[in-house]
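Engineer: Listed here are the chains, written in short residue letters.
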Amino acid sequence: MTTLSGAFFGVIHRDLSIAMRHRGDLLNPLFFFLIVVTLVPLGISPEPARLAAMAPGMIWISALLATLLALDNLFQADFADGSLVQMMLSPQPLWLLVLAKIIAHWLVSGLPVVLFAPLLGLMLSLPQAGFLPLLLGLVLGTAVFSLIGAVGAALTVALHKGSVLLSLVVMPLYVPVLIFGSSAVQRAVDGMSYGGVLAILAAVSAFTLLVAPFAAAGALKVGING
Amino acid sequence: MWQWFHKLGSPRWFYQISGKFLPWLAVACVVLIATGVVWGLAFAPQDARQGNSFRIIYIHVPASFLALAGYYVMAAAGAVGMIWKMKLADMVMVAAAPLGAALTFIALFTGAVWGKPTWGTYWIWDARITSMLVLLFLYIGIIALSRSFSTRETSARACAILALVGTVNIPIIYKSVDWWYTLHQPATIKLSGAPSMHPDMFKPLLVMILGFYCFYALVLLLNTRTEILLRERRTTWVKELAEGK
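Each protein sequence line maps, in turn, to chains A and B.
According to the working numbering, the first sequence holds residues 12 to 237 in order.
According to the working numbering, the second sequence holds residues 14 to 258 in order.
You may find that some hints are simply not true.
As the list claims (entries may be wrong) - List of simulated lysine-lysine pairs, BS3-like, C-alpha gap at most 27 Å:
| hint | chain 1 | residue 1 | chain 2 | residue 2 |
| --- | --- | --- | --- | --- |
| 1 | B | 100 | B | 33 |
| 2 | B | 100 | A | 232 |
| 3 | B | 98 | A | 232 |
| 4 | B | 33 | B | 252 |
| 5 | B | 129 | B | 216 |
| 6 | B | 33 | B | 98 |
Calculated directly from the structure, the hints in this document are not laboratory data.
All of these numbers come straight from a predicted model, not from anything done at the bench.
So that you can see chain B by itself, here it is in the shape it has in the complex (with noise of 0.2 Å):
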């Protein structure tokens, strides 16, 4: 039963495998991506108060999702590396780090554009944009010190233990951010309004949202991949590909 758990811990059976699945995800990427930008920009209807405007949900909703769950991955990936020592998943956590600090950054920047039009002000401290920037903040770290050890060995393990720290910090985190922004409330602005969208509007967003999970899962392979190629640059299996063998 164990013994899929051990071939998916080889970098190289992985490489192998995932190199069948990257078509077909890029593919489905694609095809899903493209048909929510064209039904949710062009043909859903537009909302009543914000006219236009609101269109750019369809990249700050899905964009917003991903830069959580990414967090969660990184975190999961880096459990699963520091408790089996599997070196696959070490792998996949240092990937998953910049892109979803990426994503991250899209869905504040995206925010903050819908913000202009909407609120009047390209920045206000809520409590969902706080948390997100502090989520930021912590991808951030781990970046950071993911750069600034020498082995890509140590560098896994140090951003594991830090990622995981800040996993059992976050819900602590959204919770005091959340009770902070409720002391503080300015009455004008409520962020948590759109209370049912319109089916019409609702289906291209869902499309959307799985478009860019597709788009998580492939770049994450991607990145991984090169990870893997990365790491095991000095094996016979990457020398023979590189030779294109």
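Okay, chain A solo, but in the shape it has when bound (with noise of 0.2 Å):
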């Protein structure tokens, strides 16, 4: 029987030499986040001091809605061929897998956003002060978006109308982490200390973590025997 340690690491290891293959789907929600982010100069305004005046919240809402749109396939392959039943059955605890498969899946989807987003800042001329803030509170925020949109994900994952569902459901739960995150990057940019925001984000993620792969476990069970 396989240990623990080496369950966990084997499922890392298997999705990310999975999204490996599949470099495409890796691209999509980056060019997903690049075009919603040229929309915005496009649609409002081209001026550098108005598009400032953005940058923080419009950067988080796209990076929000890029990790979103990736969210379908964290299940949706695994469910389909099977192997999603067969972790079920494994004797390994299913949170413990579902967090491995939450790990992969954020490496591949939500840290692509984070190492991207400093370009968007550039485009949306975020200043300069901005930029560590924003970095910081996407690493943090985009680990909880990929928590807590496992349990969404779990809920529909045997419905195969899933993807709208799936953002109705998940999107509200979301609006914590937009407003910490948004506004750590808005009090930078005025000169005002951002760490307590952050450390409230960074809290905020801990609990996410604590939690959510039981949810997320719980959820599996459900949506799979639906």
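With the hints as a guide, dock the two chains, each given alone in a separate frame, to form the complex.
Structural biologist: Following this line, the structure appears as structure tokens:
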């Protein structure tokens, strides 16, 4: 029988190698992120001052939408080919395997969004001071997006019209992260300290990390039987 | 000691017992709401600054109370259903979702109607209004999820999980929206006004709140009974009931 850590890292390794073989799927959310941000100056105004005022919120909202878009294939493919059911039947605790899947998913969908964000900050003329809190906040924030999103993805995995429903279910739960994340950037731009806000965001993500894998595992059991 | 608990889990027993409560609840609801409406709209004194427009408070405040309380009722029922595998709790949960969403909508709508004469605008991004809107979205998510499963049992289980996740989140959402509002607070409008209501205005409000609680219980019972009949439609007792035996 495989050890706990063996199973955990095995799932991460497997998911990462599958993702590497479908590189196109990895890039799509990033292009989505880029295009949404490009629409902002086109839709509102290319004037740097106005863009800078909106940049923290716009980047965060687009990052939220991009990670939301990627959530669909967290469990979907594994459910379709039956390997998800095998994971549920395995002797290892399901929440651990789910956590492994979430981590792998964040590495291929959340992390690229984080790394891409400074470029979009430049495009929206975000002031210098905002870049560091944007990066730090997005690291914590996208992790929460993936964790909470996993619960929604697990609930809707067996429904074939899952995508819109998934967004509807998950988005209200993203509100606190969006508020703290974008205001950390805003505070930094305004020359105030942002450490406290990031600390709250970190607390939210630590709490979510504790709770979400269990909720997602429970949701998978319900979702698949449906 | 646990016997009543197991009995409570039997939809049939609940259906029969709740049938006996219904008329009393309906009478209490009609009397309280009728008294509150007439008292509040016709006899309570006018507000010194807002004139008659303040009277919408008699709908707005009770609806807002129950909109939030309803979410906790739903989540508690979902938790009971999940922990003790109690079918009845699942049914209560499914019945509570649309009711809560409707009350949240009423609270938002009356708030907007009230805002126009008071602040000169239908909508402002105030902390409480925004939290209420997010609450409405949480309800909508649950209703949407509950409609998309093919079996009622799975749908209730799934919604219970979502409701519990939402419950854990609600305090965080409320705190974050409060904090967000203090950042962007416009100086002119202050919603936390109304420091102390005159007793003549407050008494009808209390009656209305009680009336709304009865109304909530009544509609929740009716919804649950419908849900029971729908889910148990293949059992003999429901068939006998339908044939009027």
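Engineer: Taking the hints in turn, state whether each one holds.
Structural biologist: Hint-by-hint comparison with the structure:
At roughly 21 Å between alpha-carbon atoms, residue 100 of chain B and residue 33 of chain B fall within 27 Å of each other, so this suggested pair holds. A threshold of 27 Å between alpha carbons decides the hint, and for residue 100 of chain B with residue 232 of chain A the separation of about 18 Å falls inside it, so the pair holds. Annotation: proposed proximity of residue 98 of chain B to residue 232 of chain A holds, straight-line Cα distance about 14 Å (limit 27 Å). Only pairs whose Cα atoms come within 27 Å are accepted, and residue 33 of chain B paired with residue 252 of chain B is accepted, the gap being roughly 20 Å.
Straight-line distance between C-alpha atoms of residue 129 of chain B and residue 216 of chain B comes to about 25 Å, which keeps the hinted pair within the 27 Å bound. Distance check on the hinted pair: residue 33 of chain B and residue 98 of chain B sit about 26 Å apart at the alpha-carbon level, within 27 Å; holds.
Against the hints set out earlier in the document, no violation occurs for any number.
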